[in-house]
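Peer 1: For the protein sequence lines, the chains are A and B, in the order given.
Convert by adding 775 to the 1-based position in the first sequence; the result is the number in my numbering.
Convert by adding 775 to the 1-based position in the second sequence; the result is the number in my numbering.
Hint data in this document are derived by calculation from the structure and do not stem from the laboratory.
One should not assume that every hint holds.
Stated by the list, open to error - Residues on chain B that point at chain A, a partial pick, calculated with CB under 7 Å:
#  : residue
1  : Ala796
2  : Gly818
3  : Ser830
4  : Ser847
5  : Glu852
6  : Gly867
7  : Val901
8  : Gly922
9  : Lys928
10 : Pro930
11 : Met946
12 : Met947
13 : Val992
14 : Phe995
To be verified - Okay, the calculated beta carbon distance ranges per label pair:
#  : chain 1 : residue 1 : chain 2 : residue 2 : range
15 : A       : Lys837    : B       : Ser830    : 29 to 35 Å
16 : A       : Ala956    : B       : Gly883    : 27 to 33 Å
17 : A       : Asp846    : B       : Val970    : 56 to 62 Å
18 : A       : Asp834    : B       : Asp945    : 37 to 43 Å
19 : B       : Thr934    : A       : Glu783    : 40 to 46 Å
20 : B       : Glu852    : A       : Thr996    : 47 to 53 Å
21 : B       : Asp793    : A       : Arg993    : 52 to 58 Å
22 : A       : Leu979    : B       : Asp806    : 51 to 57 Å
23 : A       : Gly858    : B       : Asp953    : 46 to 52 Å
24 : B       : Gln798    : A       : Ala956    : 40 to 46 Å
25 : A       : Gly858    : B       : Thr879    : 51 to 57 Å
26 : A       : Glu905    : B       : Arg797    : 53 to 59 Å
Note that beta-carbon positions come from the ideal geometry of N, C-alpha and C, so glycine has one too.
2 protein chains.
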Amino acid sequence: MDEIKLFEVKEDILSDNDEAARQLRDKLHRDKTFVINLMSSPGAGKTTVLLKTISELKDELKIGVIEADIDSVVDAEKIRNTGIRAVQLRTGGFCHLDASMVKTGLDGMGSESFDLVFVENVGNLVCPAEFDTGAIKNVMILSVPEGDDKPMKYPLMFTKSDVLLINKIDMMELTDFDTKALKQRVTQLNRDMTVIEISAKTGLGIDKWADWIRSAVRDFT
Amino acid sequence: MDEIKLFEVKEDILSDNDEAARQLRDKLHRDKTFVINLMSSPGAGKTTVLLKTISELKDELKIGVIEADIDSVVDAEKIRNTGIRAVQLRTGGFCHLDASMVKTGLDGMGSESFDLVFVENVGNLVCPAEFDTGAIKNVMILSVPEGDDKPMKYPLMFTKSDVLLINKIDMMELTDFDTKALKQRVTQLNRDMTVIEISAKTGLGIDKWADWIRSAVRDFT
Chain A
776 MDEIKLFEVK EDILSDNDEA ARQLRDKLHR DKTFVINLMS SPGAGKTTVL
826 LKTISELKDE LKIGVIEADI DSVVDAEKIR NTGIRAVQLR TGGFCHLDAS
876 MVKTGLDGMG SESFDLVFVE NVGNLVCPAE FDTGAIKNVM ILSVPEGDDK
926 PMKYPLMFTK SDVLLINKID MMELTDFDTK ALKQRVTQLN RDMTVIEISA
976 KTGLGIDKWA DWIRSAVRDF T
Chain B
776 MDEIKLFEVK EDILSDNDEA ARQLRDKLHR DKTFVINLMS SPGAGKTTVL
826 LKTISELKDE LKIGVIEADI DSVVDAEKIR NTGIRAVQLR TGGFCHLDAS
876 MVKTGLDGMG SESFDLVFVE NVGNLVCPAE FDTGAIKNVM ILSVPEGDDK
926 PMKYPLMFTK SDVLLINKID MMELTDFDTK ALKQRVTQLN RDMTVIEISA
976 KTGLGIDKWA DWIRSAVRDF T
């Protein structure tokens, strides 16, 4: 396998990100490429969720992954070990992705066409919510050990996301996580949010999440 | 108990933060107030660690807490229930604290003098590492479910912190967290970092952390 392509990306503060995101989304519609922007805190399980999702869907859909990190290429390497095309964006201290960075990643994946591209955003519940990446859908992960109070603290992230994956439900019994209270808080912020409970470690609920993707990709193309 | 004081804070992009931090630190030395800037991902356990630490030390030291959040005052309320003076900074979307915000919090705590003030920074492993808050020591929490690879992804946070609290060690057996590998990664970035393993939930290791604080406050005053 060839080396992982690594792109150093920087914010272009002079560009109009909303306009760049709109143009990118138009192009994705023309290309029939469904892009999911995946956001969470550090360590909530983005890469592990991706690995499970890829293994569920890779025989049905042509999948690519754009990894982003402040530093390091460890995540892209893990994805590449599944045989999936992955590129790494290194943001050099920058705390979120914008549309032009995602476009750099998509261009860097080469001329093949993809049905589904995951963008793994920088691990952060604050900044990524503020910037439209041009993705078709925004998906966030909240892991059980983080606690059920996060909608009160990071409301914008819950408002901007289409799907909430509650990950690490296998750890539920070790915590006082109240799923019902969480769902009430979510509904207050975002009535349309789809909530799916999963454990990327044990595989529990990954089938429901894969079904959501299948259905969304079908509606899109 | 009177109402929690809430301050809306904004970044002053024209001010020199490094200079403001230096001035604040000089003042803290004169006042003999030891300020700890506590940083972590969302949900790593900052508030729970604070609650346990306060209960361990409140009979020996006059303690105050400055809470910061994008939104909500839930953390300050939890602290106030322990009888400790707490103020809340609301950053309105801003992803970290700077020295002038911390000064706002300290001024807002009134004219009493404190031996020890905890600043609970915004839950984020990226931005808070980039801004000197004027605190005497920087302490970060990494919780076991977040994984042992975080030094590779958020190196600046590990470089800037004096103490690493590894929290939620009671969850160790449910994860593949490799404490030895983590410590090696930490040492590569920051040879002087003090690493203490704790469970804020069960109380394990809190005595060691309290001892570190006692000793640091003693050296400071």
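Peer 1: Out of the numbered hints, which ones does the structure contradict?
Peer 2: 1, 3, 5, 6, 12, 13, 14, 15, 17, 19, 23 and 26
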